[in-house]
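Student: Sequence:
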Amino acid sequence: MPRYDFRCRSCGATFELNRPMARANDPATCPEGHADTVKLLSTVAVTGAKASAAPAPSGGGGGGCCGGGCCG
11 MPRYDFRCRS CGATFELNRP MARANDPATC PEGHADTVKL LSTVAVTGAK ASAAPAPSGG
71 GGGGCCGGGC CG
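So in our numbering, spot 69 of the sequence shown is number 79, and the numbers just go up one at a time.
Heads up, a few of these hints could be off.
Pair ranges (Cβ atoms, derived) [unchecked claim]: (1) Asn28 x Thr57: 19 to 25 Å; (2) Met11 x Pro41: 14 to 20 Å; (3) Gly58 x Ala23: 30 to 36 Å; (4) Pro37 x Met11: 17 to 23 Å; (5) Thr57 x Thr24: 23 to 29 Å; (6) Gly58 x Arg19: 34 to 40 Å; (7) Arg17 x Gly58: 20 to 26 Å; (8) Gly58 x Pro37: 32 to 38 Å; (9) Pro12 x Thr39: 14 to 20 Å; (10) Met11 x Thr53: 17 to 23 Å; (11) Ser20 x Leu51: 17 to 23 Å; (12) Gly22 x Thr57: 30 to 36 Å; (13) Thr57 x Cys21: 30 to 36 Å.
No lab work stands behind these hints, which were simulated from the structure alone.
Note that this is a predicted model, so its numbers are computed, not measured.
Every residue gets a Cβ at the ideal spot worked out from N, C-alpha and C, and that includes glycine.
Using the sequences and the hints, build the whole thing.
Tutor: Written out as structure tokens, the structure is:
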């Protein structure tokens with residue numbers, strides 16, 4: 011289940027809630043009981059195996075309008 015971060019405008023507390031995506035934008039009450047909260051934007055980092063760069067195109071032409079000598 012996704013985790014969403016919120017901040018209370020009344021007391022400044024930051025807290026997390028686990029809830030279904032369908033309820034992502036529902037109002038949230040802070041742990042101190044205040045209802046004036048805002049959902050924070052969060053960043054997601056995806057890590058995995060070593061990333062490899064795409065191979066650079068060779069300078070031998072071929073492909074595309076101006077790369078293959080088709081335009082004269």
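Student: Evaluate each hint against the coordinates.
Tutor: Each hint tested on the structure:
1. Asn28 x Thr57: 19 to 25 Å: Roughly 22 Å apart at Cβ, these two residues keep to the hinted range, so it holds.
2. Met11 x Pro41: 14 to 20 Å: 19 Å, holds
3. Gly58 x Ala23: 30 to 36 Å: Between glycine 58 and alanine 23, where Cβ atoms are some 34 Å apart, the hint holds.
4. Pro37 x Met11: 17 to 23 Å: 18 Å, holds
5. Thr57 x Thr24: 23 to 29 Å: 24 Å, holds
6. Gly58 x Arg19: 34 to 40 Å: Distance hint for glycine 58, arginine 19 holds at roughly 37 Å.
7. Arg17 x Gly58: 20 to 26 Å: Given about 31 Å between the Cβ atoms, the range is violated.
8. Gly58 x Pro37: 32 to 38 Å: At 36 Å between Cβs, range holds.
9. Pro12 x Thr39: 14 to 20 Å: Once the Cβ atoms are compared, 18 Å apart, the range 14 to 20 Å for threonine 39 and proline 12 holds.
10. Met11 x Thr53: 17 to 23 Å: Cβ of methionine 11 to Cβ of threonine 53: about 19 Å, so the range 17 to 23 Å holds.
11. Ser20 x Leu51: 17 to 23 Å: Hint holds: Cβ distance 20 Å, inside 17 to 23 Å.
12. Gly22 x Thr57: 30 to 36 Å: Cβ of glycine 22 to Cβ of threonine 57: about 31 Å, so the range 30 to 36 Å holds.
13. Thr57 x Cys21: 30 to 36 Å: Since threonine 57 and cysteine 21 have Cβ atoms about 34 Å apart, the given range 30 to 36 Å holds.
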